[in-house]
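Protein chains in written order, with our numbering: chain Z, 26 to 279; chain E, 26 to 279.
Think of the hints as simulated: they come from the structure by calculation, not from any bench.
One thing to keep in mind: the hints can contain errors.
One copy or any two copies: either way a pair holds, since identical chains are not told apart in the list.
No more than 27 Å apart at the CA atoms, straight line, and that leaves these computed lysine-lysine pairs for DSSO-like [claimed, not checked]:
no. : residue 1 : residue 2
1   : Lys-151   : Lys-190
2   : Lys-109   : Lys-178
3   : Lys-217   : Lys-92
4   : Lys-218   : Lys-234
5   : Lys-234   : Lys-99
6   : Lys-60    : Lys-202
7   : Lys-234   : Lys-96
8   : Lys-109   : Lys-230
9   : Lys-96    : Lys-151
10  : Lys-96    : Lys-226
11  : Lys-230   : Lys-107
12  : Lys-218   : Lys-127
13  : Lys-190   : Lys-101
14  : Lys-107   : Lys-159
15  : Lys-142   : Lys-96
16  : Lys-159   : Lys-96
17  : Lys-92    : Lys-218
2 protein chains.
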Amino acid sequence: MDKDMVEDIKSESNMPLYYKVQNYILDLIKNNTLKEGDLIPTEMELSIMFHISRPTVRQGLNTLVSKGYLKRIKGKGTFVTKPKILQENTRFIESYNREMNKKGLIPETKVLEISIKICPDILVDKLGVEEGDKIIQLRRLRYAYGEEEQDNKPILLTTVYIPYKKFPNLIMYDFEKRSLYEVFEENNVYIKKALREIEAKLSNKETSKLLEINEGSPIHFISSYGYGEDGSIIEYSESIYPGERNKFIVEITR
Amino acid sequence: MDKDMVEDIKSESNMPLYYKVQNYILDLIKNNTLKEGDLIPTEMELSIMFHISRPTVRQGLNTLVSKGYLKRIKGKGTFVTKPKILQENTRFIESYNREMNKKGLIPETKVLEISIKICPDILVDKLGVEEGDKIIQLRRLRYAYGEEEQDNKPILLTTVYIPYKKFPNLIMYDFEKRSLYEVFEENNVYIKKALREIEAKLSNKETSKLLEINEGSPIHFISSYGYGEDGSIIEYSESIYPGERNKFIVEITR
């Protein structure tokens, strides 16, 4: 539930009782009075405060738990957590920047490496190039900020590989400012189809440091193939998304 | 590459040199001479054995690494691993049994619990039921065997919740023998749309024991909503897939 909706509900006099608790806590989170890791008041305290029953308090908190704003820890209490970002690149082909903008988040990118090199053996088949061909390698850390947000931990670490002969001028762009897909499109290249494989792994030492997570944290490891209009591979990438900051969604119909 | 393809390639006299190594190792894995965790011969040894260069040996092994049959560990060598099952329920709505059959695997199911209970608070919204309504809860461990396979570790642990009034007779079925979707369809209920959310987490004590994985292993945690033809929720489920045995794929077009 976003802030506007909360305001709307508040203004209604016949708002269900559990909404009151829910909105009260959500407001404290949104205005940073309650921060990640903070303990919220007990059900008993909230029950007294709002003159409502404990089951009703619990109902209000349940919604915030299922939305990822709160987390109950047995025997310890209920804590403020940060909701995971719902990544939708498992549903749509879209640049990271555009996807974050749509969510009302401000994207930011740090380029760790951009280079031209001989294609490593292991990537020859994946990129559909010949042995000895050159490729471009672009490694980036990506962030996303809420408007009032202070903390700035990375959302993902991604390394993309592109056949050099498809984009000999790619190295000239500033990928802290420009999105790769935007640059592709300026060059009349469109990713028409993407295949992505999702694995669950533990973060290693190097990526943990870069992503500011504990070593051995759960991560989504996503290998992605992007195909152009002629069916050839335009890009192959490997991305690491900390499990604590991301979740993915798919929608399937038949 | 499956066995038939290997046989075909073998019979061709003009098969590329690196195929020889690849097929040799793959045959040893398929006929169980090389088992999960075994060290394979070094590149040098294979190079001498086949009278081919080390880069060619490496090329042959690379394919098996990228297909998940082998894993290189720095300073230790190359080991046999078991390829992850490519789960496609992120692309299609299909029963587990049918999906495994399509892959040439034999599915098996162990029912841990089937019960009728009052809907827990936290599931009321998810299932679109009223507070105090009954639900059916079905918890299953699911397996998949290759033809010549000895090991029988679970592929996933899944708990599905279904509004009781939609299926008052569901409790009568034997879900070790029957697939839930099959039973739905016999009752003229069809899942038309599914939404699935994928999270990466660490396995806890209880699920690790059930899934026969180490505690703290990476898992895919998948929450799934199945909608019927009228748009109402037919089932909500939470499934845990060990990261070491599963990967998921999505295909997106625009």
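Taking the hints in turn, this is what the structure says about them:
When the C-alpha separation of Lys-151 and Lys-190 is checked against a cutoff of 27 Å, the pair qualifies only within one copy, where the shortest distance is 15 Å, while the shortest distance between copies is 50 Å. For a Cα distance limit of 27 Å, the shortest separation of Lys-109 from Lys-178 inside one copy, 13 Å, qualifies, whereas the shortest one across copies, 31 Å, does not. Taking the shortest alpha-carbon separations for Lys-217 and Lys-92, only the inter-copy value of 25 Å comes in at or below 27 Å, while the best intra-copy value is 33 Å. With identical chains, the CA atoms of Lys-218 and Lys-234 are never at most 27 Å apart, being 33 Å at best within one copy and 40 Å at best between copies.
For the homomeric pair Lys-234 and Lys-99, the shortest alpha-carbon distance between copies (21 Å) is at most 27 Å, but the shortest distance inside one copy (30 Å) is not. Neither within a single protomer nor between protomers do Lys-60 and Lys-202 lie at most 27 Å apart by alpha-carbon distance, with minima of 31 Å and 49 Å respectively. Within a single copy, Lys-234 and Lys-96 get their C-alpha atoms as close as 25 Å, and across copies as close as 24 Å, so both meet the 27 Å cut-off. For the identical chains of this complex, Lys-109 and Lys-230 are neighbours both inside a copy (23 Å) and across copies (24 Å), given an alpha-carbon limit of 27 Å.
Taking the closest pair of Cα atoms, Lys-96 and Lys-151 come within 27 Å of each other only across two copies (17 Å); inside a single copy the shortest separation is 41 Å, beyond that limit. Proximity of Lys-96 and Lys-226 under a CA criterion of 27 Å is satisfied in both settings, with 23 Å inside one chain copy and 15 Å between copies. For a Cα distance limit of 27 Å, the shortest separation of Lys-230 from Lys-107 qualifies both inside one copy, at 24 Å, and across copies, at 25 Å. For the homomeric pair Lys-218 and Lys-127, the shortest alpha-carbon distances inside one copy (21 Å) and between copies (24 Å) are both at most 27 Å.
Proximity of Lys-190 to Lys-101 under the C-alpha cut-off of 27 Å is found in neither arrangement, the shortest distances being 58 Å within a copy and 36 Å between copies. Within a single copy, Lys-107 and Lys-159 get their C-alpha atoms no closer than 42 Å, and across copies no closer than 32 Å, so neither meets the 27 Å cut-off. Taking the shortest alpha-carbon separations for Lys-142 and Lys-96, only the inter-copy value of 24 Å comes in at or below 27 Å, while the best intra-copy value is 46 Å. Proximity of Lys-159 and Lys-96 under a CA criterion of 27 Å is satisfied inter-copy only: 26 Å between copies versus 48 Å inside one chain copy.
Taking the closest pair of Cα atoms, Lys-92 and Lys-218 come within 27 Å of each other only across two copies (22 Å); inside a single copy the shortest separation is 31 Å, beyond that limit.
In this structure, the earlier hints numbered 4, 6, 13, 14 are contradicted, and the remaining ones agree with it.
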